[in-house]
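Novice: Keeping their order, the protein sequence lines are chains A and B.
So in the numbering used here, the last spot in the first sequence is 279, and the numbers never skip.
So in the numbering used here, the last spot in the second sequence is 1327, and the numbers never skip.
You may find that some hints are simply not true.
Stated by the list, open to error - If the Cβ cut is set under 7 Å, some of the chain B residues that face chain A in the computed set are:
| hint | residue |
| --- | --- |
| 1 | E1170 |
| 2 | T1204 |
| 3 | R1207 |
| 4 | D1214 |
| 5 | P1219 |
| 6 | V1220 |
| 7 | F1224 |
| 8 | T1228 |
| 9 | M1231 |
| 10 | V1232 |
| 11 | G1301 |
As the list claims (entries may be wrong) - Coverage of chain A stretches by chain B, computed from C-beta distances (three or more under 8 Å per stretch; other residues unrestricted):
| hint | region |
| --- | --- |
| 12 | 243–253 |
| 13 | 257–270 |
What the hints assert, rightly or not - The following residues of chain B were derived to be distant from chain A, with all beta-carbon distances above 10 Å:
| hint | residue |
| --- | --- |
| 14 | A1174 |
| 15 | D1189 |
| 16 | A1197 |
| 17 | A1247 |
| 18 | R1253 |
| 19 | T1259 |
| 20 | V1265 |
| 21 | V1275 |
| 22 | P1278 |
| 23 | P1280 |
| 24 | Q1283 |
| 25 | D1287 |
| 26 | S1293 |
| 27 | L1306 |
| 28 | G1313 |
Hints were generated in silico from the structure; no laboratory data involved.
Cβ atoms here follow ideal geometry from the backbone N, Cα and C, with glycine treated the same way.
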Amino acid sequence: MEPAFQPSESAIQRQALSDPDVRLMLEVRDGSAVAFEELVLRYQNRLITVLEHLVGNRDLAEDLAQEVFLRAYRARATYVPGAKFSTWLFTIANNVASSALRSKIRRAEINIQSDGTGPMSVRPLDVMIQASTGQMPARRLDKAETRDIVQLALATLNERQRMAVLLNKFEEMSYADIAEAMQMSPKAVKSLLSRARINLREILEPYLDHGTAPRNADS
Amino acid sequence: MSNGTLPTPSNAESLDERLVAYLDNELSDDERRSVDEFLASNDAARDRLRTLMRTWEMLGDLNRQPVDDSFLRSTLEMVVVEARDEAEKTQAAAVVRRRRRWALGTFALAAVAAAGYWATVVFWPDPNRQLLEDLPVLESLDEYRNAGDIEFLRLLEKEGLFDGGQHPIGEAKP
Chain A
61 MEPAFQPSES AIQRQALSDP DVRLMLEVRD GSAVAFEELV LRYQNRLITV LEHLVGNRDL
121 AEDLAQEVFL RAYRARATYV PGAKFSTWLF TIANNVASSA LRSKIRRAEI NIQSDGTGPM
181 SVRPLDVMIQ ASTGQMPARR LDKAETRDIV QLALATLNER QRMAVLLNKF EEMSYADIAE
241 AMQMSPKAVK SLLSRARINL REILEPYLDH GTAPRNADS
Chain B
1154 MSNGTLPTPS NAESLDERLV AYLDNELSDD ERRSVDEFLA SNDAARDRLR TLMRTWEMLG
1214 DLNRQPVDDS FLRSTLEMVV VEARDEAEKT QAAAVVRRRR RWALGTFALA AVAAAGYWAT
1274 VVFWPDPNRQ LLEDLPVLES LDEYRNAGDI EFLRLLEKEG LFDGGQHPIG EAKP
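With these hints in hand, go ahead and build the complete structure from the sequences.
Specialist: What follows is the structure, given as structure tokens:
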């Protein structure tokens, strides 16, 4: 979480001036509770959106977001601004989410392709295909259905691809920032995002072309 | 469909990688120009790019439900608890440190006192010790005075007259 090198004092000041969130975090380091509250307000929706689509469960995403904020608070004393604050925070988020996804217990909770009874669960692709092709083959997908299909397509990506896509799409992070947040090289991120977007295209293209679900999942 | 050629990418996968980087604005000016030229002359590549763009835009339909106020409240409560725990731990650590300092101070004081006592015993001249060493001479002082001459007494000592426990004349004194 900490930067690999200690930037000079002038570099720290420049970074702080260019990123207001860094300045807030430095205030948190100096003991300001108000600054911490402001940071939570600024990042809570962004963090939960990414985590929700990463783990596929809203409640778990909120728990993980709280863990991320708590870790950021614990790290305040040793915080040294070496990158954009958002990159630093999403590095913590990536570590927290990876741990949660690795956990066997958590894995059972977040299985987005389970029985579909959870609040954020999506219907299996087969069921959706049946619904859209069996009864009204020519109808266009409505907004909610499109959202579910996109969610399902996202769920087919592996964890790293999903994280890279979410940081790229929702946080508009550059490859360099994603690389830092995910502890990868920018070249690896480029390749990861490329494969992810090709996978998404292969799954979503039939919906785009015909406005209906494809006849099978591989089409 | 016309078929332009893209200089570097030699297969579909690397073409896609370049198209994705093109969409993400992650190419250098030269790379971007070469992709522009390739796209201008290749219908299939343009279709590929268009599909990548459209599927990417579909991700915008994903749920982005804002969090309610309880999240901020509960997060701050967690942090308050954390801060209190930290303060308690810091306080407890300070007590331990203070006790350790006291213990170390007491030990150091005792060590200094012991060293001082030892140094005093070893190095401080003891008048009683001198008296004890001179005791045999003192006990026979009257007799030695009767001899009158210290050199005469030394001569007697040298000849072994005082053997049998008597202290040598004059050697007791420092």
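Novice: Now look at each hint and say whether the structure bears it out.
Specialist: Evaluation of the provided hints:
1. Taking 7 Å as the C-beta cut-off, the interface hint given for E1170(B) holds, the closest approach to chain A being about 4 Å.
2. Residue-level restraint check for T1204(B) holds (minimum Cβ-Cβ distance to chain A is 5 Å; threshold 7 Å).
3. Checking R1207(B) against chain A: minimum C-beta separation of about 5 Å stays under 7 Å; hint holds.
4. Below 7 Å, beta-carbon pairs count as interface contacts, and D1214(B) has one with chain A at about 5 Å; its hint therefore holds.
5. A cut of 7 Å between beta carbons decides the hint on P1219(B): the least distance to chain A is about 5 Å, and the hint holds.
6. For V1220(B), the shortest C-beta to C-beta distance to chain A is roughly 5 Å, which falls under 7 Å, so the interface hint holds.
7. A least Cβ separation of about 6 Å between F1224(B) and chain A falls short of the 7 Å threshold, and the interface hint therefore holds.
8. Look at T1228(B): its Cβ gets to within about 5 Å of chain A, closer than 7 Å, so that hint holds up.
9. Because the beta carbon of M1231(B) sits about 6 Å from the nearest beta carbon in chain A, less than 7 Å, this interface hint is met.
10. Hint status for V1232(B) relative to chain A: holds, with the closest Cβ pair at about 5 Å, below 7 Å.
11. Violation of the interface hint for G1301(B) is found here, the shortest Cβ-Cβ separation to chain A being roughly 90 Å, above the 7 Å cut-off.
12. Only when three residues or more bring their CB closer than 8 Å to a CB of chain B does the claim for the region 243–253 of chain A stand; here the count is 3, and the claim holds.
13. Beta-carbon proximity to chain B at under 8 Å applies to 8 residues in the region 257–270 of chain A; the threshold of 3 is reached and the given coverage holds.
14. With a least CB separation of 6 Å from chain A, A1174(B) falls inside the 10 Å interface cut-off, contrary to its annotation.
15. Against the 10 Å criterion, D1189(B) stays outside the reach of chain A, whose nearest CB is about 19 Å from its own CB.
16. For A1197(B), the shortest C-beta to C-beta distance to chain A comes to about 14 Å, beyond the 10 Å cut-off, and the non-interface label holds.
17. With a least beta-carbon separation of about 16 Å from chain A, A1247(B) lies farther than 10 Å from that chain, consistent with its non-interface assignment.
18. Remark: the non-interface label on R1253(B) is consistent with the geometry, its nearest Cβ contact in chain A lying 23 Å away (cut-off 10 Å).
19. Separation of T1259(B) from chain A is adequate, the least Cβ-Cβ distance of about 33 Å exceeding the 10 Å criterion.
20. Annotated as non-interface, V1265(B) keeps its C-beta farther than 10 Å from every C-beta of chain A; the closest such distance is 38 Å.
21. Residue-level check passed: V1275(B) sits 52 Å from the nearest beta carbon of chain A, beyond 10 Å.
22. Its beta-carbon lying about 59 Å from the closest one in chain A, P1278(B) satisfies the requirement of being farther than 10 Å from that chain.
23. Listed as a non-interface residue, P1280(B) keeps its Cβ farther than 10 Å from every Cβ of chain A; the least gap is roughly 64 Å.
24. Remark: the non-interface label on Q1283(B) is consistent with the geometry, its nearest Cβ contact in chain A lying 66 Å away (cut-off 10 Å).
25. Separation of D1287(B) from chain A is adequate, the least Cβ-Cβ distance of about 72 Å exceeding the 10 Å criterion.
26. Residue-level check passed: S1293(B) sits 82 Å from the nearest beta carbon of chain A, beyond 10 Å.
27. Under the 10 Å C-beta cut-off, the non-interface status given to L1306(B) relative to chain A holds; the minimum distance is some 84 Å.
28. The beta carbon of G1313(B) sits about 85 Å from the closest Cβ of chain A, which is more than 10 Å, so the claim that it is off the interface holds.
Violated hints, in rising order: 11 and 14; the structure is consistent with all others.
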